[in-house]
Every structure is written in structure tokens, then in C-alpha cells.
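Engineer: Now for the letters of each chain:
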Amino acid sequence: MRTVDRMIYLDNAATTRVKPEVLEAMRPYFEEQYGNPAGAYTFAGRINAEVENARKTVAGLIGAKPGEIYFTAGGSESDNWAIKGIAYALEKKGRHIITSKIEHHAVLKTCEYLEKHGWEVTYLDVDRNGFVDPAALENAIRPDTVLVSVMFANNEIGTLQPVAELGRVAHARGVLFHTDAVQAYGHVAIDVDEMNVDLLSVSGHKINAPKGVGFLYVRSGVRIDPLIHGGAQEKGKRAGTTNVPGIIGLAKASELARDTLDERAAYEKELRDHLIARIESEIPYAVLNGDREKRLPNNVNFSFRFIEGESLLILLDQAGVCGSSGSACTSGSLDPSHVLLAIGLPHEIAHGSLRLTLSEENTLEETDYAVDSLKRIVERLRGMSPLYEDFIKKQGAKS
Amino acid sequence: MSQVTEYSEKVMDHFMNPRNVGEIEDADGVGTVGNAVCGDIMRMYLDIDENGVITDAKFKTFGCGAAVATSSMATELVRGKTVQEALQVTNKAVAEALDGLPKVKIHCSLLAEQAIHAALWDYAQKNGIVIEGLKPPVNDIEETEEYYNM
Numbered sequence: 001m002r003t004v005d006r007m008i009y010l011d012n013a014a015t016t017r018v019k020p021e022v023l024e025a026m027r028p029y030f031e032e033q034y035g036n037p038a039g040a041y042t043f044a045g046r047i048n049a050e051v052e053n054a055r056k057t058v059a060g061l062i063g064a065k066p067g068e069i070y071f072t073a074g075g076s077e078s079d080n081w082a083i084k085g086i087a088y089a090l091e092k093k094g095r096h097i098i099t100s101k102i103e104h105h106a107v108l109k110t111c112e113y114l115e116k117h118g119w120e121v122t123y124l125d126v127d128r129n130g131f132v133d134p135a136a137l138e139n140a141i142r143p144d145t146v147l148v149s150v151m152f153a154n155n156e157i158g159t160l161q162p163v164a165e166l167g168r169v170a171h172a173r174g175v176l177f178h179t180d181a182v183q184a185y186g187h188v189a190i191d192v193d194e195m196n197v198d199l200l201s202v203s204g205h206k207i208n209a210p211k212g213v214g215f216l217y218v219r220s221g222v223r224i225d226p227l228i229h230g231g232a233q234e235k236g237k238r239a240g241t242t243n244v245p246g247i248i249g250l251a252k253a254s255e256l257a258r259d260t261l262d263e264r265a266a267y268e269k270e271l272r273d274h275l276i277a278r279i280e281s282e283i284p285y286a287v288l289n290g291d292r293e294k295r296l297p298n299n300v301n302f303s304f305r306f307i308e309g310e311s312l313l314i315l316l317d318q319a320g321v322c323g324s325s326g327s328a329c330t331s332g333s334l335d336p337s338h339v340l341l342a343i344g345l346p347h348e349i350a351h352g353s354l355r356l357t358l359s360e361e362n363t364l365e366e367t368d369y370a371v372d373s374l375k376r377i378v379e380r381l382r383g384m385s386p387l388y389e390d391f392i393k394k395q396g397a398k399s
Numbered sequence: 001m002s003q004v005t006e007y008s009e010k011v012m013d014h015f016m017n018p019r020n021v022g023e024i025e026d027a028d029g030v031g032t033v034g035n036a037v038c039g040d041i042m043r044m045y046l047d048i049d050e051n052g053v054i055t056d057a058k059f060k061t062f063g064c065g066a067a068v069a070t071s072s073m074a075t076e077l078v079r080g081k082t083v084q085e086a087l088q089v090t091n092k093a094v095a096e097a098l099d100g101l102p103k104v105k106i107h108c109s110l111l112a113e114q115a116i117h118a119a120l121w122d123y124a125q126k127n128g129i130v131i132e133g134l135k136p137p138v139n140d141i142e143e144t145e146e147y148y149n150m
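Taken in sequence, the protein lines are chains A and B.
Position one of the first sequence corresponds to residue 1 (the working numbering), numbered consecutively onward.
Position one of the second sequence corresponds to residue 1 (the working numbering), numbered consecutively onward.
Chain A extracted, bound-state conformation (with noise of 0.2 Å):
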């Protein structure tokens, strides 16, 4: 499809390379030490042994016991377990789940799901930048109310929730607290006890990890039923054969995370920072959507007045860009992304959007070469707009 060779990665949000360090570490546990953990022999044990290392590794990352973490196979399923899991063990006290509109659909359709089966959920509005409000929070707690999930940062707009006070105002009402911090873990500094977290859900590949491996912290005392039913791994309360390759590099993945977040994330930011200050001096009717300050340091998102994002992509990939859209018409539905709608976007505007998502390996070349191919998208796709058209003559009437 492409029409020029170079390609510009800018989707780290939707995933990441593997890098070659965390896939050499994994390389001995598909090779040679491939014994399964759960084995009664010196050769699983010692594979046993790396494995709670790298749950110690993990857990170090936020301020978690190594046994308040349960490796699942991502993020969808952490959010999954979390949810469902804390719903049925709580089904006594009550049934009744506080959340946001702006959440991955993974704790969304689950809240969704939950609902058909008799609990009852409330989805909290955000404002324009996408926070949830902590009093809106505190003012939605009920007698019945057994869990708050709100997510660390939002994987399109890459706002940063007040994960604490939110925390806080759950804890005060004896409330339990989910956060989903797949975009968050390795990206920004997370403690679980300064944050007041209980659970907190990650995914692996969004680091460098591979793809199928994450977990999910769950505090210590915190009663969970099993998502996954079967067998005695991780505590009898997710079965299934270890995935030691995968959880290997994960921790190996989160350690090189842990070692280089501050420069990462301050390289990212002046990436990100650059980016944002191109396209709003260069591209008219440009609106950045999220937080300015309170976001994720690798996160753009632009709407683009007067132009449908699907459009846009497909000519940003012609010139080797690949970057994302909360556009209808990525989905495969009719409507934008949830996300933007919840943040007060006119669908016209929401259709218009575009992520770009920023990793270490980019340059502020790569940066520049976006925002140029850009502009000429943007300008050649407002040339055949009819909103651009009955916008530019308004204004000459106006005028």
C-alpha cells in the first residue's frame, strides 16, 4: 500500500517492538529450559525459581509483594479477572459498580456484560480534558457499591487520572479500587499503596514485552474469584500453563522500563511537545484533545476539523506514517470512538481524529517528516471537504 519506503512508527500505544535484549532473554525458555514450572523434577524447578524473579521484578515496578501478582495473559484479561472476579466474590455485599465513560472497552463491555446478568453500573462523565471528578466519584458510592475502576491513562487522549484521590475517596466508603494502567505501567511511575490501588491491570507488549502476557496486581486480603477455572497455577486462581517465555520478557522488558523511565519519558515529551507545537502553529482548525500538562509523555491526539480520519490514515500510510483514529471508520462501527464523544466532541470532529504515539526509538526527524506529510493530508483532504467549503464561504460572508 505504501508508496514511499521509509516507515515511521507512530502507534506505540496499539503495540510495540519486542526488543532484542527481552528477546534474548525469553530465547533459553522456548530453547532449552522449556519444563514446565509446575514439574516435580530439578529442571522445572529451577524454571519455577526465574519465574517468581520475574514476579519480583514486576512487583517491584509498583510498590507491590511479588504475591500480590497473578500473570494473566494481558490486558484484556486482567481488566476481565478485576472486574468479573471482585463482582462475584462480592456478590453478597452488593452489586453495584462505579466506572467512566472513557474506559478500554475490555472494563466497559465487562461492566456491560455484568449488567445483563443483574448488577447495576454507573459510568461516570468526564470533562473536556478527560478527568473524572472526585467528588462526581464520591457522590456516586452507594450502600451496595463493591468496586471503583477508573482507568491510570486513557490509551486514546493519554490523560492521567487523579488515580489517588480517586483511590481515596473509594477507600474512604470501604470501597475496593481498579485501575487499568496498560498504558501507564513503564510509561509513568506507579505505587500502588501512595495511589490507593487494590487492583491494577498491565499488558506486556505495550512495553517491548511480547504480546500475550501481562497481570494483574491484586492486594494482598483482597478476596477474587477465578476468571480462568482449571488448574493450581498462580494460587489456584488463574489456571493454565505457565507462559514462562512470555513472563520472562515481561519482567525483563519492565526492568529496561524501570531503568530508563525518567530520561525515556522526558525524551518522549519533547517529542510529543514538539509535535503539538507544529501542528498548532502550521494547521488551522487543529484541536488538541486531552490534557495538555496531565498526559501520557509519548500520547498526540489531534481532531482535524472538516476531514474523516480513515481518510487521513490511509494517506499518512502512503507516505510511510502509521498512526491510529478514533474514526468510525477504523472500528468497523458507525459511531467515533466512545472516548471523544464522552469529552464532548461533535461526532464531525471525533470522526476527524488522530493518535500518534510516540516510543524512544523515534527521532525529532521522523517527528518533523509526520507533521509535513501531514499538513499536505490535511490541506488535500479540506480541498474536497464540503464542511470545509460551507465553513471557508460562511466566513467570507461573515467578513
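Everything labelled a hint here was simulated from the structure, so no lab data went into it.
One or more of the hints may lead you astray.
Said to hold, decoys possible - Label-pair distances were calculated between CB atoms; the ranges are:
1) 99(B) / 173(A): 54 to 62 Å
2) 90(B) / 399(A): 37 to 45 Å
3) 76(B) / 344(A): 37 to 45 Å
As the list claims (entries may be wrong) - Chain B residues, not near chain A, derived (Cβ > 12 Å throughout):
4) 96
5) 126
6) 133
As the list claims (entries may be wrong) - Here are the simulated EDC-like pairs of lysine to aspartate or glutamate, each with C-alpha atoms no more than 20 Å apart in a straight line:
7) 269(A) / 234(A)
8) 294(A) / 280(A)
9) 103(B) / 113(B)
10) 393(A) / 26(B)
11) 58(B) / 379(A)
12) 393(A) / 23(B)
13) 394(A) / 25(B)
14) 58(B) / 113(B)
15) 269(A) / 293(A)
16) 394(A) / 26(B)
17) 65(A) / 193(A)
18) 103(B) / 280(A)
19) 65(A) / 234(A)
20) 58(B) / 389(A)
21) 394(A) / 23(B)
22) 56(A) / 335(A)
23) 235(A) / 390(A)
24) 393(A) / 25(B)
25) 58(B) / 390(A)
26) 10(B) / 317(A)
27) 84(A) / 31(A)
Predicted model, so just to flag it, every value in this text is computed and none were measured.
All C-beta atoms, glycine included, are put in the ideal place defined by N, C-alpha and C.
Could you slot chain B onto chain A? The hints should help.
Structural biologist: Below, chain B alone, put in the same frame as chain A:
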């Protein structure tokens, strides 16, 4: 997830190199259809001579790759046709001329058919004539206005 990879070569060609993009000044018929909610708006301009033959067709479209491609193809298909012949350019004809569309994009071809009809309706209104089998168009693209006036 993305339908882009499912587009036929013809759809990609008409998206990358759309035919007849633009406006016709004082067109004999102009029609705008679609709505911002599902993200596709098409405007078609037609010039029609005294014999009822479409001498020129141009379009502007806000929408996805398929929306642009169907608009482009629709203008190609109606050029040189009589008003009655143009009415027979159905969504199916547009989709077939593009070697098919992904399932979720079929509504785009429907929009192209509606855009032709809306432009013909405008032409009929302006000239006080009745075109048999033609219904008045519908559109609603005003939501955005409210947002920026807030």
C-alpha cells in the same frame, strides 16, 4: 480492524486519484446527503443541458476512503447520461464499478446514489419539473455549528 486492507485496487485508485473533485459554479443541480454522526457527507454538483443530459458532474466529500471512491465513481457514471438514465445508477452499480466494497462500507455506495438523487431533485425544483420516481433528499449536518457557538 481496519478496512483499508480490504479495499479493491479500483477503490484505492479512486480514493488516491479521485475523478471530478471540486465545485461547479451555478450548477444546475446541487445535492448534499449524509450526516456527520456516521461520518460521511457527500455533495454532488450537476450541469444538465436543455435536452436533460448531464454534461458535467463534480463532487466534494467528507468521509472515509470508500466514501471518496464511491463519489468519484458516481460522477463518472452519470456524466453524459440523461436524467432518467442517471436515476438508474444505483448503489449496486457504483459498488460493482469499483469491484466491490467491504461489507461495512456498503452504506457509502448508498450515499453516492442518494447524492445523485439529491442533485437531480434540486435540478427539478429549480426548473419546476417532476422527475418520476424521485423522492426529496434528507440531510442533517448542523451539529458542529452548535459546538463552536457554545
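Engineer: Each hint should be assessed against the structure and marked as holding or not.
Structural biologist: Results for each hint:
Distance hint check: the CB atoms of residue 99(B) and residue 173(A) are about 60 Å apart, consistent with the given range 54 to 62 Å. Between residue 90(B) and residue 399(A) the beta carbons are some 43 Å apart, a value that agrees with the proposed interval 37 to 45 Å. The beta-carbon spacing between residue 76(B) and residue 344(A), approximately 40 Å, falls within the hinted interval of 37 to 45 Å. Look at residue 96(B): its CB is around 21 Å from the nearest CB on chain A, clear of 12 Å, so calling it non-interface holds up.
Even its closest Cβ contact with chain A, about 19 Å, leaves residue 126(B) beyond 12 Å, as expected for a residue assigned away from the interface. No beta-carbon of chain A is positioned within 12 Å of the beta-carbon of residue 133(B); the least distance is around 26 Å. Restraint check for residue 269(A) and residue 234(A): the C-alpha separation of about 37 Å exceeds 20 Å, so the hint is violated. At most 20 Å may separate the alpha-carbon atoms for a hinted pair to count; residue 294(A) and residue 280(A) meet this at roughly 18 Å.
About 17 Å separates the Cα atoms of residue 103(B) and residue 113(B), which keeps this hinted pair within 20 Å; it holds. Taking the CA atoms of residue 393(A) and residue 26(B), the gap is about 15 Å. The hint holds against a cut of 20 Å. With a C-alpha separation of about 19 Å, the suggested pair residue 58(B) and residue 379(A) falls inside the 20 Å cut-off, and the hint holds. At roughly 13 Å between alpha-carbon atoms, residue 393(A) and residue 23(B) fall within 20 Å of each other, so this suggested pair holds.
Straight-line distance between C-alpha atoms of residue 394(A) and residue 25(B) comes to about 17 Å, which keeps the hinted pair within the 20 Å bound. Of the supplied pair hints, the one linking residue 58(B) and residue 113(B) holds, its CA atoms being roughly 14 Å apart against a limit of 20 Å. Our distance criterion of 20 Å between C-alpha atoms is met by residue 269(A) and residue 293(A), whose separation comes to about 10 Å. A hinted pair counts as satisfied when its Cα atoms are at most 20 Å apart, and residue 394(A) with residue 26(B) qualifies at roughly 17 Å.
Distance check on the hinted pair: residue 65(A) and residue 193(A) sit about 11 Å apart at the alpha-carbon level, within 20 Å; holds. Pair hint residue 103(B) plus residue 280(A) does not hold up; C-alpha atoms about 37 Å apart against a cutoff of 20 Å. Of the supplied pair hints, the one linking residue 65(A) and residue 234(A) holds, its CA atoms being roughly 14 Å apart against a limit of 20 Å. Proximity of residue 58(B) to residue 389(A) is assessed by CA-CA distance (about 14 Å); at most 20 Å being required, the pair is judged to hold.
The straight-line distance between the Cα atoms of residue 394(A) and residue 23(B) is roughly 16 Å, inside the 20 Å bound, and the hint therefore holds. Among the hinted pairs, residue 56(A) with residue 335(A) is inconsistent with the structure: their alpha-carbon atoms are about 42 Å apart, more than 20 Å. At most 20 Å may separate the alpha-carbon atoms for a hinted pair to count; residue 235(A) and residue 390(A) exceed this at roughly 63 Å. Between residue 393(A) and residue 25(B) the CA atoms are separated by roughly 13 Å; this keeps the pair inside 20 Å, and the hint holds.
Of the pairs offered as hints, the one joining residue 58(B) and residue 390(A) holds, with about 16 Å between alpha carbons and a cut-off of 20 Å not exceeded. Proposed proximity of residue 10(B) and residue 317(A) is supported: the alpha carbons are some 18 Å apart, at most 20 Å. The straight-line distance between the Cα atoms of residue 84(A) and residue 31(A) is roughly 36 Å, outside the 20 Å bound, and the hint therefore fails.
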